[in-house]
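**Student:** Sequence:
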Amino acid sequence: SAQRSFWQRILCSNAFYAMSRQHLQFEVGEEFSVSSSATFYVRNLSSSNPVRICRTSLQEEMQVAVPLEMGAKRQLQDRDVIVLNPVQGYSLWLIFSDLWAKRTDAPENGANVAEPKK
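Numbering (this note's numbering), first residue to last: 34 to 151.
No lab work stands behind these hints: they were computed from the structure. Please note that the accuracy of each hint is not assured.
[Claimed, not checked] Pair by pair, the computed Cβ-Cβ distance ranges are:
#1 Val97 / Leu127: 29 to 35 Å
#2 Val99 / Ser53: 16 to 22 Å
#3 Leu132 / Ser46: 31 to 37 Å
#4 Thr89 / Arg54: 24 to 30 Å
#5 Phe59 / Ser80: 15 to 21 Å
#6 Glu63 / Gly104: 17 to 23 Å
#7 Asn47 / Ile128: 30 to 36 Å
#8 Pro100 / Asn47: 15 to 21 Å
We put the beta carbon where it would ideally sit given N, CA and C, even for glycine.
Take the sequences, apply the hints, and build the full model.
**Tutor:** Structure representation (structure tokens):
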């Protein structure tokens, strides 16, 4: 598949083979509106190599982070580190970035936002 080829090209072989075929899933909460950002979640799909969520990319924090249970999901915050493989030497992690929160024109607390006319 295209996804498999992509990951195989960018990862070293140890990191690639440590990944599960179905490792995680990103989900969007339904509470999204014009005046607030979407809520994003990550769901763990791997029982053999569960996802962990950290606030930093320090190896020590990754090692002690509690893995998500199979099928469990967790809300993501800006700059959360999503750890797919915490093995030292070829760890694999992603940083979640909430681009809505970084917008300079994003309203604060819903102020000055006109709801669409119905």
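**Student:** Compare the structure with each hint and give your call.
**Tutor:** Now for the hints, and whether the structure bears them out:
For the pair valine 97 and leucine 127, the supplied restraint of 29 to 35 Å is violated, since their beta-carbon distance comes to about 19 Å. With their beta carbons about 18 Å apart, valine 99 and serine 53 fall inside the hinted range of 16 to 22 Å. Taking the beta carbon of each, leucine 132 and serine 46 are about 32 Å apart, inside 31 to 37 Å as hinted. Separation of threonine 89 from arginine 54 is about 28 Å and conforms to the stated range, judged on CB atoms against 24 to 30 Å.
Roughly 19 Å separates the CB atoms of phenylalanine 59 and serine 80, a value that falls within the hinted 15 to 21 Å. A hinted range of 17 to 23 Å for the beta carbons of glutamate 63 and glycine 104 is consistent with their spacing of about 19 Å. Distance hint check for asparagine 47 and isoleucine 128: the Cβ-Cβ separation is about 21 Å, which falls outside the suggested range of 30 to 36 Å. Restraint check, proline 100 to asparagine 47: a C-beta distance of roughly 20 Å satisfies the suggested window 15 to 21 Å.
Hint compliance for this structure: hints 1, 7 are broken, all remaining hints hold.
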